[in-house]
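Engineer: Assemble the complex: chain G is given as a structure, and chain B must be docked to it using the hints.
Chain by chain, the residues:
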Amino acid sequence: MKEILVILFTVILTQNACLSKFLGICPFLGVSKKLDSAVGMSVAVIFVMAMATAVTWPIYTFLLAPNGLEYMQTIVFILVIAALVQLVEIVLKKYVPALYRALGIYLPLITTNCAVLGVTILNIDNQYNFLESMVNAVGTGVGFLLAMVLFAGVRSRVEVSDPPKSFQGIPITLVSAAIVAVSFLGFGGIVENLFA
Amino acid sequence: MEAIFTPVIILVVTGLISSIVLVVAAKFMAVKVDQKQLDLREALPGANCGACGFAGCDEYAAKLAAGEAEANQCVPGGAAVAQRIGEILGVAVDNVEAQCAVVQCNGCSSATDTVMDYQGPKTCAACATFFQGSGACKFGCMGYGDCVAACQYNAIDLVNGVAQVDRTLCVGCGMCAKACPHGLIAMVSVSKTVAVLCSNKDKGAISRKVCKNSCIGCKKCERSCPSGAIKVTDNLARIDYSLCTNCNTCVEQCPTGAIHTSAC
Numbered sequence: 023m024k025e026i027l028v029i030l031f032t033v034i035l036t037q038n039a040c041l042s043k044f045l046g047i048c049p050f051l052g053v054s055k056k057l058d059s060a061v062g063m064s065v066a067v068i069f070v071m072a073m074a075t076a077v078t079w080p081i082y083t084f085l086l087a088p089n090g091l092e093y094m095q096t097i098v099f100i101l102v103i104a105a106l107v108q109l110v111e112i113v114l115k116k117y118v119p120a121l122y123r124a125l126g127i128y129l130p131l132i133t134t135n136c137a138v139l140g141v142t143i144l145n146i147d148n149q150y151n152f153l154e155s156m157v158n159a160v161g162t163g164v165g166f167l168l169a170m171v172l173f174a175g176v177r178s179r180v181e182v183s184d185p186p187k188s189f190q191g192i193p194i195t196l197v198s199a200a201i202v203a204v205s206f207l208g209f210g211g212i213v214e215n216l217f218a
Numbered sequence: 216m217e218a219i220f221t222p223v224i225i226l227v228v229t230g231l232i233s234s235i236v237l238v239v240a241a242k243f244m245a246v247k248v249d250q251k252q253l254d255l256r257e258a259l260p261g262a263n264c265g266a267c268g269f270a271g272c273d274e275y276a277a278k279l280a281a282g283e284a285e286a287n288q289c290v291p292g293g294a295a296v297a298q299r300i301g302e303i304l305g306v307a308v309d310n311v312e313a314q315c316a317v318v319q320c321n322g323c324s325s326a327t328d329t330v331m332d333y334q335g336p337k338t339c340a341a342c343a344t345f346f347q348g349s350g351a352c353k354f355g356c357m358g359y360g361d362c363v364a365a366c367q368y369n370a371i372d373l374v375n376g377v378a379q380v381d382r383t384l385c386v387g388c389g390m391c392a393k394a395c396p397h398g399l400i401a402m403v404s405v406s407k408t409v410a411v412l413c414s415n416k417d418k419g420a421i422s423r424k425v426c427k428n429s430c431i432g433c434k435k436c437e438r439s440c441p442s443g444a445i446k447v448t449d450n451l452a453r454i455d456y457s458l459c460t461n462c463n464t465c466v467e468q469c470p471t472g473a474i475h476t477s478a479c
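Taken in order, these protein sequences are the chains called G and B.
Quick note on numbering: the first sequence equals residues 23 to 218 in our numbering.
Quick note on numbering: the second sequence equals residues 216 to 479 in our numbering.
Same shape as in the complex, but just chain G (with noise of 0.2 Å):
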């Protein structure tokens, strides 16, 4: 129970998938000027993340794992994250069309997202049994939600700053990623000291 916990915590707060290992900064930049896109965007990444890992995990280790093919992980792994995309796309528009009206736009965007592979790589690297996957997955979506709606508050301040003319635009929200990642800084050791 208590590894179960240090992996939440972690991937929500000190290893968050946005601010700390850099990844799915494309839709954490693209998708935060409104905070509703935002969170309907997150919620689509949790559900693709959690579906994903829990394909891909029997896949390694009752596939690839045991005929010597550790190596094939990453193309593997892209070509069925992708076509599980596309079969939850169907599914939702067939039997969830509210759910599917909600996240429909975001799916697609999702198939080929960075944050979705790394979390499944991830699982392998660390050697996370199934349930400390789904963990991990469910967790660094969450992470991901609270960085997006935490950035689309910061972003709409940022839209009505007047920054000098060559900050406009991209370069200023970098800047202002950068720094709610260093405040993120702040969560460092949190997590060992609370299951200490």
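Please keep in mind that the hints were generated in silico from the structure rather than gathered at the bench.
Some clues are possibly wrong.
[What the hints assert, rightly or not] With a Cα cut of at most 27 Å, we get these calculated DSSO-like pairs of lysine-lysine:
#	chain 1	residue 1	chain 2	residue 2
1	G	187	B	251
2	B	251	G	115
3	B	337	G	115
[Said to hold, decoys possible] Computed Cβ-Cβ distance ranges for the label pairs, DEER-style:
#	chain 1	residue 1	chain 2	residue 2	range
4	B	282	G	212	54 to 62 Å
5	G	113	B	254	23 to 31 Å
6	B	301	G	204	56 to 64 Å
7	B	434	G	208	58 to 66 Å
8	G	216	B	220	47 to 55 Å
9	B	384	G	184	28 to 36 Å
10	B	374	G	178	24 to 32 Å
11	B	219	G	205	43 to 51 Å
Heads up, the beta-carbon is just placed ideally off N, CA and C, and yes, glycines get one too.
Structural biologist: Same frame as chain G, now just chain B:
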């Protein structure tokens, strides 16, 4: 050889299984999209302005196809689009009631004053976060032109520190109304030319002090209107356009000149 064959076979098989699953899923779980809805979406302008009251052109097309919306609700598209929608749906359409934006403030720089030397970003949204704006009137136009920036048709200009709509250019999409942090801009049918150009809800004595052109809530217009179209609520006159006949009585009666008429 095995070192090459096993990975290739595993990859090919994984790919094959994925593609078969996807093909089967696409076949059996296909959601039928109404051809009518696609045609309707094609006919709409695609500006996603929301003037029809739905969340964008896609939803309006869906509602139209389901028969839950009237064909004449697309304001920017106007009569031409309504006609086209009518053809697709096979129904007769009433003409679109074209709309026009009205900035309900007349506090030009000679009538009102500023109460602070505002040095921040030159946008209304930013200025409004400081004590509801730099103007003496807390309800009025701040004159930084968020509506001007929002207008895709160059129909709004700043004249003497107040936004003014060029009625010949305005298509009635309502983007400016959403951009104004003080909510000054109302969408009014183009056939109605009279408007109360003030949004100050303070008592007459106070609103008079901050702006010479303000509505003081004296109810002279309310009493004089032959069709009973004007009501003063919260010290502010507002016209019920379903009753207004453009007779201009209120324009002549208003002691402060807050009610204006504009030839269209």
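Engineer: Now look at each hint and say whether the structure bears it out.
Structural biologist: Structure-based check of all given hints:
1. For a cut-off of 27 Å, the pair hint linking residue 187 of chain G to residue 251 of chain B is broken: about 48 Å separates their Cα positions.
2. The straight-line distance between the Cα atoms of residue 251 of chain B and residue 115 of chain G is roughly 19 Å, inside the 27 Å bound, and the hint therefore holds.
3. For the proposed pair residue 337 of chain B and residue 115 of chain G, the alpha carbon gap of about 44 Å is over 27 Å, so the pair is violated.
4. The supplied range of 54 to 62 Å is met by residue 282 of chain B and residue 212 of chain G, whose beta-carbon atoms lie about 57 Å from each other.
5. A hinted range of 23 to 31 Å holds for the C-beta pair residue 113 of chain G and residue 254 of chain B, which are about 28 Å apart.
6. The hinted window of 56 to 64 Å between residue 301 of chain B and residue 204 of chain G holds, with their beta carbons roughly 59 Å apart.
7. Taken as a hint, the range 58 to 66 Å holds for the pair residue 434 of chain B and residue 208 of chain G, whose Cβ atoms sit roughly 60 Å apart.
8. Taking the beta carbon of each, residue 216 of chain G and residue 220 of chain B are about 50 Å apart, inside 47 to 55 Å as hinted.
9. For residue 384 of chain B and residue 184 of chain G, the Cβ-Cβ distance of about 29 Å falls inside the hinted range of 28 to 36 Å, so the restraint holds.
10. Taking 24 to 32 Å as the suggested C-beta distance range, the pair residue 374 of chain B and residue 178 of chain G conforms, at roughly 30 Å.
11. Range check, residue 219 of chain B to residue 205 of chain G: Cβ separation about 50 Å, and the 43 to 51 Å hint holds.
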